[in-house]
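Counted from 1, the sequence shown has number 780 at position 780 by our numbering; the numbering is strictly sequential.
Hints listed in this document are in silico derivations from the structure and should not be mistaken for laboratory results. Check the hints yourself; a few may be wrong.
As the list claims (entries may be wrong) - In silico BS3-like pairs for lysine-lysine, Cα to Cα no more than 27 Å straight-line:
id, residue 1, residue 2
1, K898, K934
2, K381, K403
3, K666, K692
4, K772, K273
5, K985, K921
6, K898, K330
7, K888, K329
8, K554, K564
9, K403, K273
10, K898, K326
11, K772, K783
12, K157, K137
13, K501, K489
14, K921, K888
15, K529, K554
16, K489, K416
17, K276, K994
18, K642, K783
19, K931, K329
20, K32, K61
As the list claims (entries may be wrong) - Now the in silico label distances, taken between C-beta atoms and shown as ranges:
id, residue 1, residue 2, range
21, D62, R240, 36 to 46 Å
22, S495, T552, 44 to 54 Å
23, G920, E369, 23 to 33 Å
24, E369, M734, 37 to 47 Å
25, N847, T552, 44 to 54 Å
26, T518, R700, 47 to 57 Å
Ideal Cβ placement from N, Cα and C applies to all residues, glycine included.
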Amino acid sequence: MLKRITVFIPIFMGMFYLGTAQETKIYTHEQKDYQDALALYNNEQYQAAQTIFEKVKLSTKDYETEANSAYYAANAAVRLNQLGADRLMEDFVATYPTSTKRNSAYSDVADYYFETGKYPYALKWYNKVDQSALSRKEMDQFNFNYGYSLFSSGKGKQAESYLNKVVSSPVYGSQAKYYLGYIAYQQDDYEGANERFDQITDPELLDEKLSYYQADMNFKLGKFEEAIALAKKQLPKSDRNEVSELNKIIGESYFNLGQYANAIPYLEAYKGKRGKWNNTDYYLLGYCFYKQGDFANAIQQFNKIIGGTNSVSQNAYYHLAECYLKLDKKQEALNAFRNASQMDFSQEIQKDAYLNYARLSYEIGNAYEPVPKVILDYLEKYPNDAHTQEMQGLLVDSYITSKNFEGAMELLEKNKNYASKTTYQKVAFYRGVELFIDGDYAAAHENFSKSLSSAQDALFKARANYWNAESLYVMNRFDEALSNFKDFKENSNASLTEESKDVDYNLGYTYFKLKDYTNAITYFDAFSKSGVTDQDKLNDAYLRLGDSYFVTSKYWPAIETYNKSLALTGPEKDYAAFQKALSYGFVGKSESKIEELDKFVSKYPKSTLKDDALFELGNSYISAGQENKGLITYDRLIEGYKGSSLVPQAIMRQGLVHYNANRNEKALEEFKQVVRDFPNTQEAIQAVATAKLVYVDLGRVDEYAAWVRDLDFVEVTDTELDNASFESADKQHMEGNTNAAIRGYESYLKQFPNGMHAVKANFNLAQLYFAKDERDKALPYFKKVADLGGSEYTEQALTRVCEIYIGKNDYNNALPYLQRLEEQADIQQNRTFAQSNLMKGYYEQGNYAQTLAYAQKVLATSSIDDRIRSDAHIMIARSAVQTNDMAKAETAYAEVLKIASGETAAEALYYDAYFKNEAGKHEASNTSVQKLAKDFSSYKEWGGKGLVLMAKNFYALDDAYQATYILESVITNFSQYPEIVAEAKGELAIIKSKEAQRNSSVDPNGN
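Could you put the whole structure together from the sequences, leaning on the hints where they help?
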């Protein structure tokens, strides 16, 4: 900005005459050459003059001519900027110490470097000048030139002493005052600078420079109106750079005068230092817009302030937050308030920002830290604040809003005064529901009991009764469940709850479990007539109502009710048809029974009850005297369902048919097949006993004895001991003496590892260990029962083996048992359990094709709950992501989002945001991330991933502040997830590199 004002002063013009002073001498040839060279020199023909001077110096005999030639040759070398020119001049001084041009040499070279702007070189030669040999006029020039050279070399303090010597000079005075004033200006001595500038009378200097500096100094002295006047005066006369700076002076002066509207056009006209603004520049313009109520434009300026850690930044972030709030951008406001609350330059701003940060965290959620922690930290930092009561209320509500009911209960157990009894009642209720969903029914019951003990709200009392009953029911405490269901039904507010529509249904089931079928009939019937719209539940009610009639031998009503189920479109039609067929048998309609069973095996070829139907059909044919059809039907069962527990029974029945028909050899063949293929089953024991009768009839007892001796599951001589040992253990089991029963069963199996009751002993022992949560001890016994197969316990044992392996995340061992369970399960829920976990197991192994196949199987199953349906969709989505089929993933995650809860819902919500980001729907994507932060704050990994996504969205929306602040917060708060932090660091480096191109306050290296 500073330009030196050039002063044109002839440099020792008298030198020309020195060369022609001796007129009395006759010019020799050398003297003529010398005069020619001098003429060339004075005409600035330095190269030609230097060549002649060098020749004259070597040829002349005259000492003065020789010295002068050496002087001019060296001076020409300086002006030609030749290498070693300084050394030539130094050699001249050393060689001709008595030359009259010795001092002139120093001054002349110094003045030459001064005029060409090489001030450090000029200083070197000025330092050699003998000042005492200079005239007064020469001394003025020396002091100014030397002073200015010092000034231009950055030695302002030294320059002052020389410039001060010429302040009264008519030639140099104005310029000396100007530079002295500028030195004072640089040293922030504005009073001293003004004093010097005021003394300048040179109109050229006044017009060219002083208005700019005086405007700037008045601004810095707080004389804003004077600064504005001077700057506006200077504007038309300034170059582009000065115009930018003058606009800044005017704009900031208006800002400081509170004239924000006037400031805006001037602040906008400022071009920045080297084309870049800094954080303060953005703050000033942003604040002007803020004061005008133009919040959108204010945000556009404030959000360019990145990485600020000073009072200006704290102010900016606080006002930025206010602007966001005015435009209902609460997530953005939360970030800005949080940032301002983390700075302590202004305690007042920090506290108010913290208060608003806490309020917004409660209102919209917080992905950085748990909302209750935010509020607790506020209460701890400002314990005697006027907002304490408000914060305490929000604290309790924050646990509820963020669904952290566990934390809420812990808080309220320690701080009863934080909330009313009604709030405590509700929190305990919600915590109970949460535990119920997680399957911890005992803890759920405990919390529902706490809710009931603090019952103030009749509606929530009713709901607590209902869910307490549900918990007790699942724990098989049916009498207590019944009592709570009744309390719910008697509550006058029950009808206002969503639960009321199912209470008769649940009462029916409770009575059903208590074997009080008369009352079960009453409530199932009432439920079925209540106008229920849930067809699946209505269908189930018909089935249980039919079962209740069936168990109480009311077979005609049972048939009628099963027909109602069959008329619906719901699941378990095969069960209703099967039960209906059985009912016909009990009312003496054998032909109808056979007809219905025959239709059943054709209509429901994939039913889990088909083996049961074939067995019953075979029995019915035999009972009806159609022996051949019966045997063929048994064969269909045996061949088609090798894993069914009914197979040994069917073979046994075939043997009995042959025995009764006196086909003894064929009967023995069947009995031996049972013993061979299904040892350790009750059918095998029965087969041995019946075979004995056949051998006795045939008179081949010795053959029987030899056969029995080879059987390892029955010891004829130890039968009584076998029975006694098992019955002893079983008695302890029946009486609830768990430890004694365990010891008894283990003792029995040690004595009779293949005894008559080995299967049941293994199963009961496994169940006892499982109930004690000693699953590793239970596993080998369940495996034994499962591996033996063919018993009534096989399916349940298979299910338990799978459950234990899955609980240990050991899918390698679980998969074979899951495959067997899928093939052999009679109960649909067990088959669905197998398929859903085969789906997960294959995903764990990276077999995505099988994962998708089993997911489709699960989804094709009717009447699965939302949790299993959600698992299937999530497996499809994850497999699609792994195989880069993002279109399928997007569709699957959308399905998950409709029904999922917990972490699965958090994952789906993240991907919802992800796909919206990919589609360029940045604001919609941020809305999903905000929901993720609010509703699923406990799933921090998904929250962190969502924040990185949000940062990308904000940068795409041209909000660099939000983007960088969020990424910096992720880096600080999510260190336990290194992959997320690494991604955040990468994004932050990219953004800061880009922002550094327009904001000089931003470190381009991302620091």
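Hint by hint, here is what the structure shows:
For a cut-off of 27 Å, the pair hint linking K898 to K934 stands: about 17 Å separates their Cα positions. Distance hint between K381 and K403 is fulfilled; the C-alpha atoms sit about 25 Å from each other, no more than 27 Å. For the proposed pair K666 and K692, the alpha carbon gap of about 14 Å is at most 27 Å, so the pair holds. About 75 Å separates the Cα atoms of K772 and K273, which puts this hinted pair outside 27 Å; it is violated.
At most 27 Å may separate the alpha-carbon atoms for a hinted pair to count; K985 and K921 meet this at roughly 24 Å. Between the alpha carbons of K898 and K330 the distance comes to roughly 25 Å, so the proposed pair stays at or under 27 Å and holds. Our distance criterion of 27 Å between C-alpha atoms is broken by K888 and K329, whose separation comes to about 33 Å. Between K554 and K564 the CA atoms are separated by roughly 16 Å; this keeps the pair inside 27 Å, and the hint holds.
Proximity of K403 to K273 is assessed by CA-CA distance (about 51 Å); at most 27 Å being required, the pair is judged violated. With a C-alpha separation of about 33 Å, the suggested pair K898 and K326 falls outside the 27 Å cut-off, and the hint is violated. Distance hint between K772 and K783 is fulfilled; the C-alpha atoms sit about 18 Å from each other, no more than 27 Å. Restraint check: the Cα-Cα separation between K157 and K137 comes to about 24 Å, which is no more than 27 Å; the hinted pair holds.
Straight-line distance between C-alpha atoms of K501 and K489 comes to about 10 Å, which keeps the hinted pair within the 27 Å bound. Among the hinted pairs, K921 with K888 is consistent with the structure: their alpha-carbon atoms are about 19 Å apart, no more than 27 Å. Proximity of K529 to K554 is assessed by CA-CA distance (about 20 Å); at most 27 Å being required, the pair is judged to hold. The suggested pairing of K489 with K416 is violated, with an alpha-carbon distance near 31 Å, which exceeds 27 Å.
Straight-line distance between C-alpha atoms of K276 and K994 comes to about 12 Å, which keeps the hinted pair within the 27 Å bound. Pair hint K642 plus K783 holds up; C-alpha atoms about 19 Å apart against a cutoff of 27 Å. A distance of roughly 14 Å separates the Cα atoms of K931 and K329; the hinted pair therefore holds under the 27 Å criterion. Distance hint between K32 and K61 is fulfilled; the C-alpha atoms sit about 14 Å from each other, no more than 27 Å.
For the pair D62 and R240, the beta carbons lie near 59 Å from each other, so the given range of 36 to 46 Å is not met. In this structure, S495 and T552 break the distance hint of 44 to 54 Å, their C-beta atoms being roughly 31 Å apart. Taking 23 to 33 Å as the suggested C-beta distance range, the pair G920 and E369 conforms, at roughly 30 Å. A beta carbon spacing of about 54 Å between E369 and M734 contradicts the range 37 to 47 Å that was offered as a hint.
At roughly 50 Å, the beta carbons of N847 and T552 sit within the given window of 44 to 54 Å. Between T518 and R700 the beta carbon distance is about 55 Å. The supplied range of 47 to 57 Å therefore holds.
The structure shown violates the earlier hints numbered 4, 7, 9, 10, 16, 21, 22 and 24.
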